[in-house]
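Asks: Just so you know, the protein sequences line up as chains A and B, in that order. Position 100 of the first sequence, counting from 1, maps to 100 under my numbering, and the rest follow consecutively. Position 305 of the second sequence, counting from 1, maps to 305 under my numbering, and the rest follow consecutively.
It is worth saying that the hints were derived from the structure and are not from the lab. Mixed in with the good hints there might be a few duds.
Note that identical chains are pooled: a pair holds if it fits in a single copy or bridges any two copies.
Cut-off 25 angstroms, straight-line C-alpha distance, at most; resulting in silico cross-link-like pairs (SDA-like, lysine to any residue) [to be verified]:
(1) K229 x S315
(2) K231 x S315
(3) K231 x F244
(4) K229 x R173
(5) K239 x R288
(6) K235 x H132
(7) K235 x M279
(8) K229 x W311
(9) K75 x E11
(10) K229 x E336
(11) K75 x A38
(12) K231 x M279
2 protein chains.
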Amino acid sequence: MIVDTQTAHFESLPLDCGVQLSPVEVAYETWGELNGDASNAILIAHAFSGDAHAAGIHQRTGRPGWWDNMIGPGKAFDTNRFFVICSNILGGCAGTTGPSSINPATGEPYAMRFPVITVPDIVRLQRLLMDHLGIARLLCVAGGSMGGMQALEWAVAYPERVASVIPIATTHRHSAQQIAFNEVGRQAIMADPDWNGGDYYQTGRRPARGLAVARMVGHITYMSDASMKAKFGRKLRDKASPAFDFSAEFEVESYLRYRGSQFVDRFDANSYLYITKAMDYFDLSAGRGSLAAALERTQARCLLISFSSDWLYPSYQSQEIVRALRSRNRDVAYVELNSDYGHDAFLVTVEEQAEIVRGFLHSTARLVGA
Amino acid sequence: MIVDTQTAHFESLPLDCGVQLSPVEVAYETWGELNGDASNAILIAHAFSGDAHAAGIHQRTGRPGWWDNMIGPGKAFDTNRFFVICSNILGGCAGTTGPSSINPATGEPYAMRFPVITVPDIVRLQRLLMDHLGIARLLCVAGGSMGGMQALEWAVAYPERVASVIPIATTHRHSAQQIAFNEVGRQAIMADPDWNGGDYYQTGRRPARGLAVARMVGHITYMSDASMKAKFGRKLRDKASPAFDFSAEFEVESYLRYRGSQFVDRFDANSYLYITKAMDYFDLSAGRGSLAAALERTQARCLLISFSSDWLYPSYQSQEIVRALRSRNRDVAYVELNSDYGHDAFLVTVEEQAEIVRGFLHSTARLVGA
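Throw the hints in and build the complete structure from the sequences for me.
Replies: As structure tokens, then:
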């Protein structure tokens, strides 16, 4: 399944902060075929550091997609039956307009002059893309982590345009602890002198050290105590006893340093700031009375999934959403899957998740006649 | 209870890394009176960022001690009955020899030329201090977090010199996750150009930003999801709606920034590196066969305490120690206290803890005739 990234262009996008962003580009990929009445389309919403390349082998890079184990012919998101779309989010750095894009008004990168964006803004742009693709109503919007926030926002903001949602390992709003971890990442980036107030695109010096530290914190929160124990324990790297120095002696240290430095090559530090801010701002109930009142608006069938060892987006957060949906008699199914993989489980532990998603999509398709 | 910090001087200290550190100074404070047969002495071992000022009001600074709610006349560590000592640990930055001390060989601060130290080194220096004070056998060694590691090491390394230990919210060795959080802190410091390879004492520029980021991560791990929710939730600072900028908008953000910057004024970045490394190296079982074989050496009565919401030093780590002690028929009591305060609970939630410690100390004193 070879795939290439495409780009759609839009004249402008109104943002929650009041700014009209103009123009806007969206990078996206698709798999499978849209059927005659455009009723078999599924939007995959990616997580914080994801991109449009969710499945297949990328034509130029040869890389597999980040959810390739879930999307493809015969897989949970079955591309023999469904037309699957994934787009890079607004504010991102993988083809969609974000802080590293050129501001047409100045001919220079926006950097920190990019307007602050929100999850509703991100979803509003996805809706433009659906218009562009001729999809009046999505069969499903699915995603994990920040992708789950987008699925929830779709369900509530555009009830007539989505038949079902699958929010996975997510929350209707960040807790203080979740905001705190994001804030540490932001401060690590902004503490790096090479960040230079965001204007590093033309200096030849990116805030690589700050961004790497931010990513290291992230990686700890994506794993669990148990999965780190299983993967690293207290194993030393290439030696039997400690060297009494400050090199990366423990395997977990060298892993984190590696993942940190690797991230710097593929992610933009200003996008890190803007997207984490959008996550922290997200509150599905804001301006809608309460969580239950917000969710009452949806007409979508809802499937929520959480993972037992996920301490970054703990199961109680999914359960709050489930309770609110039930309180308003919405159609909701929920499952907590056992896994040691922590928050990463939605990307890693897929067998049970795949079966549940498969069944849910097929029954939804039957119901809506897709 | 006005108190001043005193200093003891020692000619040299042999370290696990093979170096003889010379000379060595130890800052310490004492409360209460040593009795005639020196049988009523209790050593308080401080945690990572603590110091010798555990109780009372400091003569010069006017500050209360970090465990003032536990130590004093009529308190859990009752200074009407016991002679209580607390010393700043080796490698620290509050009066005991550490990386910011002057290396007599060069006349300049050691900085990263300070030898790598271990928890057994820290305890070896405490033992010298006990010799200096004429205390052949301690009634108790007590401490939380890294202080608990020191209590455990005392129990195993010097069984004839300690009648009881109270390791609180601690572990016999760090997990991969605990090492990972420490490594993030170290990387944040070393990523700061002002760290300058550790040689910042004479540049007039300390690695304040890196150290602040490290401390922010620390603070998140010391609290719990529930305590952060209770203290901050999603409250905005001085406003009702988001400003759409990158200022500290959420109260939790401004709290973390404040605690980070405050820490910089009182703590040395190189001490941060050395002490976290000592914590990561600590393994009570290393060179002793197994945890149970190590703990079999102790003659001390043991009281272990952990806290239900402490996810940095989870209860299962205390329970591993308790099981190992029981497997070798050692004298051990254990209690998990309910608290929402996370790892900080040993400093914050003291009523139940105080009652348990009080009873344990009095029965130990009766047993040994103190």
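Asks: Taking the hints in turn, state whether each one holds.
Replies: Structure-based check of each hint:
Taking the shortest Cα distances, K229 and S315 sit within 25 angstroms of each other both inside one copy (21 angstroms) and across copies (16 angstroms). Taking the shortest Cα distances, K231 and S315 sit within 25 angstroms of each other both inside one copy (23 angstroms) and across copies (21 angstroms). Proximity of K231 to F244 under the C-alpha cut-off of 25 angstroms is restricted to the intra-copy arrangement: shortest distance 23 angstroms within a copy versus 40 angstroms between copies. Proximity of K229 to R173 under the C-alpha cut-off of 25 angstroms is restricted to the inter-copy arrangement: shortest distance 12 angstroms between copies versus 30 angstroms within a copy.
With identical chains, the CA atoms of K239 and R288 are at most 25 angstroms apart between copies only, with a shortest distance of 19 angstroms across copies and 58 angstroms within one. In this homomeric assembly, K235 and H132 never come within 25 angstroms of each other (Cα to Cα): the closest approach is 52 angstroms inside a single copy and 39 angstroms across copies. For the homomeric pair K235 and M279, the shortest alpha-carbon distance between copies (15 angstroms) is at most 25 angstroms, but the shortest distance inside one copy (35 angstroms) is not. When the C-alpha separation of K229 and W311 is checked against a cutoff of 25 angstroms, the pair qualifies both within a copy, at 15 angstroms, and between copies, at 15 angstroms.
For a Cα distance limit of 25 angstroms, the shortest separation of K75 from E11 qualifies neither inside one copy, at 36 angstroms, nor across copies, at 71 angstroms. Taking the shortest Cα distances, K229 and E336 sit within 25 angstroms of each other both inside one copy (22 angstroms) and across copies (23 angstroms). In this assembly of identical chains, K75 and A38 lie within 25 angstroms of each other by CA distance solely inside one copy; the values are 21 angstroms within and 74 angstroms between copies. Proximity of K231 and M279 under a CA criterion of 25 angstroms is satisfied inter-copy only: 20 angstroms between copies versus 29 angstroms inside one chain copy.
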